[in-house]
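Chains F and E supply the protein sequences, listed in that same order. In terms of this note's numbering, the first sequence opens at residue -7 and continues consecutively. In terms of this note's numbering, the second sequence opens at residue 1216 and continues consecutively.
Calculated directly from the structure, the hints in this document are not laboratory data. All values reported here derive from a predicted model rather than from experimental measurement. Keep in mind that the hints are not guaranteed to be accurate.
Within a straight-line C-alpha distance of at most 25 Å, the following computed SDA-like cross-link-like pairs (lysine to any residue) qualify [unchecked claim]:
hint, chain 1, residue 1, chain 2, residue 2
1, E, Lys1570, E, Lys1444
2, E, Lys1570, E, Arg1555
3, E, Lys1444, F, Arg118
4, E, Lys1444, F, Asp3
5, E, Lys1444, F, Asp69
6, E, Lys1220, E, Arg1256
7, E, Lys1570, E, Asp1274
8, E, Lys1444, F, Arg6
9, E, Lys1444, F, Arg56
Derived, one-sided and incomplete: chain E residues facing chain F with beta-carbon distance under 10 Å [claimed, not checked]:
hint, residue
10, Cys1395
11, Val1511
12, Asp1673
13, Phe1675
Backbone N, C-alpha and C define an ideal beta-carbon position, used for all residues, glycine too.
Here is what each chain is made of, one letter per residue.
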Amino acid sequence: MATFPLEPVHDTFRAIATTVVPEAVALDRAGWERLEEIIAEALASRPERIHRQLRLFVRIVDWRARWRHRERFVDLDPLQRTRELERIERSRWLLLRRGLWGLRTLIFMGYYAQPAIQREIGYRARPEGWDAVRGAGR
Amino acid sequence: MSGAKRPTGAELDYDVVIIGSGAGGGTVAYRLGPSIASGARVLVVEQGPRLDDHEFTGDELDMAPALYRDAGGFLTRQGTMSLALGQVYGGSTVVYTGTSLIAPERVIRDWDVPGLDHADLAARSRRYMEQNGVHLLPPEEINDNNSLFVQGCREAGYEVEQFPVNVRGCRGSSLCNLGCPNQAKQGTNRVQLPSAERHGVEVVTRAEALRLEDHAVVVRVHERPEGGKGRPSEWAPGEYTVRARMVVVAGGSIGSTALLLRSGMGRKLPRLGRNFTAHPAFILVAEHEREITNDVGHPKSFYVDRAAEDGWLLETCMYFPFVTAKNMAGFGREHSMLMRAFPRLQMILVLAADKAEPQNRITVDRRGQPVVHYDFTFPVVAAMVGATRAAARIFFAAGARGVHAPPADPPLIERSEAHRLERRIDARHFQPGRISVSAAHLMGGCAMGRDHRDSVTDAFGRVHRYPWVRVADSALFPDSVEINPYLTVMGLADRVADDVLEVLGAPSDVRCPPVIHGETR
Ligand SMILES: Cc1cc2nc3c(=O)[nH]c(=O)nc-3n(C[C@H](O)[C@H](O)[C@H](O)COP(=O)(O)OP(=O)(O)OC[C@H]3O[C@@H](n4cnc5c(N)ncnc54)[C@H](O)[C@@H]3O)c2cc1C
Ligand code: SF4
């Protein structure tokens, strides 16, 4: 199994992940492991430079929280966390916007690519197509 | 490795080596097939793997890394647009949706390539439409996602057209962009390549063309990664120098351009890498009150073409949960609520008919890897904003209660705000890096034209100053085609094949374009 490149900033990463997908708070241990495993696999073929940039971005999120609130990102309440990420999302600095976009993409992948989550949100596509639907009387 | 051979000496001498097996390479391989009987030796070198039918599962996590370069997330240098490129036996035709349109006459006229005539290109495209079983789906196979689009267009006053699609035995699984699990989509992996192989064209997969040398291709054959999908390569892993009388480069816009650049051909071809266009696109999502059929049925059956007038196109579409989540702007509660409304979502893809611009181009980095430079110009942003407003009108006319529009802030527009779309959807919210833009129609890099000062090849893909090299794919487009491109790629590749057959001195019955009768494997 590939190692999770965000391990050194693990708690901030999880706080960001639950801000990006609030339902992720309900993930159990196995759910989180799966989310991080999916991200680790997606990043395994990417250069170490990308891993470093992601860790740096997570640290920047934390530094910004300390600078603005004198608290770590993980210690902010959910609304404050959302506001922090929204500021980054609308930042005039492309590098910051891109950083959040990249991390958010990975979190969405780790969460929404899980078959169990896909079923939960009502995604029903399957190879049998119409036959499956008509057979099920949908 | 079981079954893999290590060719040596004369075995590595071919008349023609084709690099890439997508819409362009697959077409050339198909046309050269009959020349094998008269002694020609033809090899296709494909970087991606060859998958067996049962390996197409339709699972997002499983299929994207197996079929796409960088699992579908290849980013531009600016990091503001992701590019989708198939990397598999069949190239992007394995992951395309199969909408089959002939290039508009005005576009080919504007390309102004001496010796390229619209009537000829259209006739060739039509032959591949016939071979690929292109037809309109009957009404009972159209899902709600598509019929709501038609209804919305009619009510909002947009002229809507039905896409002809190239499917045989489509079961409506809506998984086209993850590779068809029912082998219904008639890509080159189903039609042209199997025909070529039956004639004796050799195909070697997991084989990456590293560079061109004089009348030769240096190829690296890769190991099958542990746990990965697809068969091992037909050749033993290692590096080979394959000699060829002629090399046909068909690695796609990015693959072909990067290969020629890392072979040092840019020194004699100043236009190499230029004329890159991509039809930048994003997804709009609307929420209805009731469940609709969206993730069942062919995903892309209708479109609105305003390219000539306003520079944009709208197409129906349906994506998978991760791709949908990534493509919506924002995050958090609102984003999650929409994702949880998945069975009630309608989707429209907005595309800009971009124009070739000097700054948008392909280069290679120190390791020879492609780097795509792409800036969103003012006309592109204006077109995407205009298209977003049109799509929002269509959604609301179809009864949606809310529309998620990336160039709006906040992106969720309630029905009560439908009268102020001009204000809500605005170019100032088109903020690269905040909104997700992606592109799957990659074009240019080795544009056709007159001579080396204005282009890379002539109208038959003959590379200026390199008489033994041809280009036969989407890299040839001197500007965007402003419509779904694969049939134009096949039409252009068919012309390249004519010329190659002539140089090979193939008998006239082989050189004549074959009569096509819905061939499939
Ligand atoms: C998701 C998606 C949906 C699409 N839907 C449609 C649609 O509905 N209708 C439509 O008209 N068009 C569609 N397109 C676009 C269409 O698929 C492409 O325009 C067309 O396939 C381009 O053909 P090509 O030969 O230029 O490249 P490709 O088909 O991409 O083939 C290039 C091949 O070359 C290989 N290659 C590259 N470099 C090397 C190398 N160095 N060595 C060996 N092999 C190499 C690649 O692995 C690849 O297999 C879609 C594309 C995508 C990605
Ligand atoms: S919708 Fe049809 S063509 Fe597309 S994947 Fe499903 S069966 Fe194949």
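Verification of the supplied hints:
{"no.": "1", "hint": "E:Lys1570 - E:Lys1444", "result": "violated (37 Å)"}
{"no.": "2", "hint": "E:Lys1570 - E:Arg1555", "result": "violated (38 Å)"}
{"no.": "3", "hint": "E:Lys1444 - F:Arg118", "result": "holds (19 Å)"}
{"no.": "4", "hint": "E:Lys1444 - F:Asp3", "result": "violated (34 Å)"}
{"no.": "5", "hint": "E:Lys1444 - F:Asp69", "result": "violated (44 Å)"}
{"no.": "6", "hint": "E:Lys1220 - E:Arg1256", "result": "holds (17 Å)"}
{"no.": "7", "hint": "E:Lys1570 - E:Asp1274", "result": "violated (35 Å)"}
{"no.": "8", "hint": "E:Lys1444 - F:Arg6", "result": "violated (31 Å)"}
{"no.": "9", "hint": "E:Lys1444 - F:Arg56", "result": "violated (43 Å)"}
{"no.": "10", "hint": "Cys1395", "result": "holds (9 Å)"}
{"no.": "11", "hint": "Val1511", "result": "holds (5 Å)"}
{"no.": "12", "hint": "Asp1673", "result": "violated (38 Å)"}
{"no.": "13", "hint": "Phe1675", "result": "violated (38 Å)"}
Going through the hint list in order, the structure does not satisfy hints 1, 2, 4, 5, 7, 8, 9, 12, 13.
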